Amino acid sequence: MRLSSPDKVLFASGITKRDVAEYVIAVGDGILAALADRPTALERWPSGYREGMVLTQRTGAQGDGFYSKRVPKGAPDWVESVRIGFPSGRYADEVCPTELAVVVWAVQQNTLTFHPWPVRRDDVDRPDQLRIDLDPQPGTDYHDAAAIAPLVREVAAEAGLTLYPKTSGGRGLHLFAPIRPEWEFSPARRATIALAREIERRAPGAVTTKWWKEERGRRVFIDYNQMARDRTIASAYSVRANVRATVSAPLRWEEIPDVTPDDFTVRTMPARFTEVGDLFAGANTSPQGLADGSVGGLETLLEWAARDERDHGLGEAPYPPEYPKMPGEPKRVQPSRARHDDEG
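The opening residue of the sequence shown carries number 1 in UniProt numbering; numbering runs sequentially from there.
Note that these hints are calculated values from the structure, not bench results.
Be careful, since some hints might not be right.
[To be verified] Under the rule of at most 27 Å between Cα atoms (straight-line distance), these lysine-lysine pairs were calculated in the DSSO-like manner: (1) K73 with K8; (2) K210 with K73; (3) K73 with K213; (4) K73 with K17; (5) K69 with K8; (6) K331 with K210; (7) K325 with K213; (8) K69 with K17; (9) K69 with K325.
As the structure is a prediction and not an experimental result, all values here were calculated from the model.
Please take these sequences and the hints and turn them into a complete structure.
See below:
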């Protein structure tokens, strides 16, 4: 795999395209395990990243970086793809990495961050991972997410799930659990909501499940909509678009309180990977895990969801704005606006 413009500077610190390619090769076993056979959106930055640059969002002005949810034109024949369906009802053929050369090719396309779906190519409708996104809100930071991580682990264990932690590469934490691919996205999202509500119930001053930002306060938001179809989380070992060129770093549980996201960068992560190996390997389902029953399921969480609805009147929660109106979903109106309309 040859790089064009290998000396192209992608970060103000001097990190080049060659440096990023050498980085993904150095952590190759780990990043390929995180991406293999998964539909993967590519977060591409044609001019690299500089402070103040922004990523194009689903709505809003054009940014400096963008998501490729379809195989880029001119991709080599050996870049495999898989057809996926979006909430809009449209379909696309998305990159499906099968070998490390595909990851390096994506770097050639100015990809920094890889966003894999929580499904495999042989069944793109049933997740084999439950993903928990701990998102610190304004006034909180990584250490607030780190402080609640043990509680999240405890509650997940009560539901029969084993979590594997990693930094987001930003301010938050990602916790993944391998699950049997027996449930479609809707019940998987419902299970995540139930888990998040149970954590919020036990730590209401530190955790929120409120979808509307104006209601979250200075707490850590558990973003349950990351388990909705077409919502993805940066993969383990992905480079993040920030001035420090951090990466999403798998962690040991005992490390979580003492590290910071800035400890793990394109320059520092290769040595760590050589030392500790792939700490995130267990987050991926394996034939052996499915066969011996060590991979968890969603039965308990779905029982909790039914209990919440029956005993507490807690049913569906708002979907992301690009979604069509979903069955049972509450009114998708910002609470302050709803109050204003009611008063009017």
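Problem set entry | Ascending list of hint numbers which this structure does not respect | 2 and 3
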